[in-house]
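**Student:** Chains A and B, in that order, are what the protein sequence lines are. Using the working numbering, read the first sequence as starting at 118 and increasing by one per residue. Using the working numbering, read the second sequence as starting at 7 and increasing by one per residue.
Don't read these hints as lab results, they were simulated from the structure. These figures come from a predicted structure and were not determined experimentally. Cβ coordinates follow ideal geometry from the N, Cα and C atoms, glycine included. Keep in mind that the hints are not guaranteed to be accurate.
[Claimed, not checked] The following label-pair restraints were derived from C-beta to C-beta distances:
1) A:178 <-> B:33: 34 to 40 Å
2) A:313 <-> B:204: 52 to 58 Å
3) A:229 <-> B:175: 25 to 31 Å
4) A:245 <-> B:115: 19 to 25 Å
5) B:56 <-> A:228: 22 to 28 Å
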Amino acid sequence: MPNYQLVYFNGRGRAELCRLIFHAAGVPFEDIRLDHTKGEWPGEWKAKCPFGQLPVLVVDGKMLAQSKAAARYLAREFNLAGKTSWDQARADMFIDEFDDISTEVYKFASEKDEAKKAEMSEKFYNETLPRHIGYLENLLKENNGGNGYLVGDSLTWAGLGIANVYDLLGGTDAPFAKFPLLLALVKRVRENPKVAEYLKTRAQTSF
Amino acid sequence: MPTYKITYFNFRGRAELARLIFAAAGVPYEDLRIEMSRWPVEYKDQCPFGQLPLLEVDGKVLAQSKTIARYLAREFNLAGKDSREQALADMILDHYADIMNEMKVIWLESDAEKKATLVEKFKTETLSKHLGYLETILRQNGGGFIVGDSLTWADLMVVDSNDWLGVMFPNPYDNFPLLAGLVKRVREMPQVAEWIAKRPDTPR
Numbered sequence: 118m119p120n121y122q123l124v125y126f127n128g129r130g131r132a133e134l135c136r137l138i139f140h141a142a143g144v145p146f147e148d149i150r151l152d153h154t155k156g157e158w159p160g161e162w163k164a165k166c167p168f169g170q171l172p173v174l175v176v177d178g179k180m181l182a183q184s185k186a187a188a189r190y191l192a193r194e195f196n197l198a199g200k201t202s203w204d205q206a207r208a209d210m211f212i213d214e215f216d217d218i219s220t221e222v223y224k225f226a227s228e229k230d231e232a233k234k235a236e237m238s239e240k241f242y243n244e245t246l247p248r249h250i251g252y253l254e255n256l257l258k259e260n261n262g263g264n265g266y267l268v269g270d271s272l273t274w275a276g277l278g279i280a281n282v283y284d285l286l287g288g289t290d291a292p293f294a295k296f297p298l299l300l301a302l303v304k305r306v307r308e309n310p311k312v313a314e315y316l317k318t319r320a321q322t323s324f
Numbered sequence: 007m008p009t010y011k012i013t014y015f016n017f018r019g020r021a022e023l024a025r026l027i028f029a030a031a032g033v034p035y036e037d038l039r040i041e042m043s044r045w046p047v048e049y050k051d052q053c054p055f056g057q058l059p060l061l062e063v064d065g066k067v068l069a070q071s072k073t074i075a076r077y078l079a080r081e082f083n084l085a086g087k088d089s090r091e092q093a094l095a096d097m098i099l100d101h102y103a104d105i106m107n108e109m110k111v112i113w114l115e116s117d118a119e120k121k122a123t124l125v126e127k128f129k130t131e132t133l134s135k136h137l138g139y140l141e142t143i144l145r146q147n148g149g150g151f152i153v154g155d156s157l158t159w160a161d162l163m164v165v166d167s168n169d170w171l172g173v174m175f176p177n178p179y180d181n182f183p184l185l186a187g188l189v190k191r192v193r194e195m196p197q198v199a200e201w202i203a204k205r206p207d208t209p210r
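This is chain B alone, in the form it adopts within the complex (with noise of 0.2 Å):
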């Protein structure tokens, strides 16, 4: 078994999902939380594009984000069946990422009162629209996880998600039956909820 470390600050972020992924396929790694003011100065010289969050696997690196969690799957056997189901959870990240990039325009945004506004009509507008399209997605699949008939990391980004969308919604799976069951499942998952209880808790 390699020695896997993932570096990044103290929140769920960028790193969770990679965190998720170990914690469900039962892999031990060093889960590695500097202080922002450590950062640059000690950590970003190692980074292949200067940012966080790092893996290193036997002391090779590797960065960005959605590369780390999607490698980990793999090698855990927890990214699909076949190439198919492969494809189709990259799908389900890339659309995820969609979403957290147009967020990311609305919480830059300075404007307290603009802010809220844009809040307000993205959850309304844009927020339901692209939530419907998963759940249709879930739905076709027979509703129990969302890529292929077993556990992959495409279920826990729907975790993940949970609490990221949460930050700006909560409870943002509320209209969406069978991707607020999903959530339920997993995290209900031995391995899953053990590290749900005990990750620290983190505003983001």
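Bound conformation, chain A alone (with noise of 0.2 Å):
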């Protein structure tokens, strides 16, 4: 077994997925977590980091960059990507949605102008959220009725990150309320017993 070590602050932001994937493959991690108030980013570390930023992935010493890469290099080495090739592309997409979910709230979550800050989020639960997870709920529908999961008939990543963006979005039914289907693949996901256990052990904080 590599040895692994996931670097990051002290959040769940872009190193939550990764942290998720290993729990839920029952594989063990160093989760490090620097506090850039004592100095340890940028630290020694930032120059080390192919792209000066964080997460970072280090296995067996070895350094990747960039968090998706990095959870799908995780995900592959687990058998969580998806049983075939196209399997793996659909997992893909569907991460790739999120990913376009998840920058649109990045964006008004760093918006300093207050009234910007509420006009761009009304925007985004009022509009571009509905509309992303209507797309998600039929493509749901696609696989076993929307009884089963994203992709193929076991959980995978895609299903991880579906959880992810939930917590992202305030951890509560609330955004989900019209669109059932994918709030029970949630609650599935979050009902899996090794991400259950992690979920009630893990750090509450605030991003």
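Can you join these two chains into the complex? Each is in its own frame, and there are hints to help.
**Tutor:** Given below as structure tokens:
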């Protein structure tokens, strides 16, 4: 078993999908959380990072940057990427869509002008998000009538990805209220034994 | 051999990486370019997320340009020789996507004077840093190919980026000799050169 380190800040942010994959697969890893107030970042790490950013995944001392690339690598190593080449592509497709949603959230989350932030947030929750989730709900219906998983017949990192989006949106059912199949899927993923155990003990952080 | 079709607009845009992969692999496909006026009425409903490009493989559909390119690269043995190489190629893809997202914000700026300032600032501060990281990666890999020791879709990403970066920043790799050399070498590979010579000439 290789030695794994995941390096990020003390939050879910762009590292959480990797953490969910490690826990769902039952693979131990060193969950390094750098405290920039103590000079741990940039510290010695920034110069070592391929793009000067976190998270980075370190596998037997070799670095991999970019959160999605790292997550896909782990999913593949732990048989959570999809059983066939086509299934892997379908999972990638959902992950890209979740990334589009997350990018929209980060846009208004980092907006300093409060009035503009409120306006962006409202547009996101009233227009953008329902449109994205509507597509996801339709695609979910195509797979086993929507009572299974997004891809194939078992949990993949795509399922972990939507559960991660649920947390990013505040960890409540409200954004998914009009999309029962998708909400049921999120619950199914969160109730997966290894995932549930992790969620119970995971540190509460502000992001 | 499955039947492949790419549906997009008449641009290089988000479909060109897939087109370059088909070309490098020597695999035929239908390169459907639709008029803006026929979108969304005729095509939007077919698309999993209501967007183009769309890949059809024997009638099954795949959305999201990065996913489409990765699937094709994998099918045509251009994804990387092992799991780590595949991950390194993915890493480079994500890095270019970050650059593109930052450029999109500038592109959408409506005030011409403000936009010109943002473009200049991005070029001298941000872009040179982003491309510098890639030059380092290429140098650390021996300067030949950017991942592994043979052509992968990561090299085609560099070629493609020369075009889309070039829309806002002409000759983007002028100060990055290894990347510039890679772009030139890959563009001169017979199947890639043939595609570049015959592809529709579009502004972006």
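**Student:** Look at each hint and say if it fits the structure.
**Tutor:** Cross-check of the supplied hints:
no. : hint                        : result
1   : A:178 <-> B:33: 34 to 40 Å  : holds, 38 Å
2   : A:313 <-> B:204: 52 to 58 Å : holds, 55 Å
3   : A:229 <-> B:175: 25 to 31 Å : holds, 28 Å
4   : A:245 <-> B:115: 19 to 25 Å : holds, 20 Å
5   : B:56 <-> A:228: 22 to 28 Å  : holds, 26 Å
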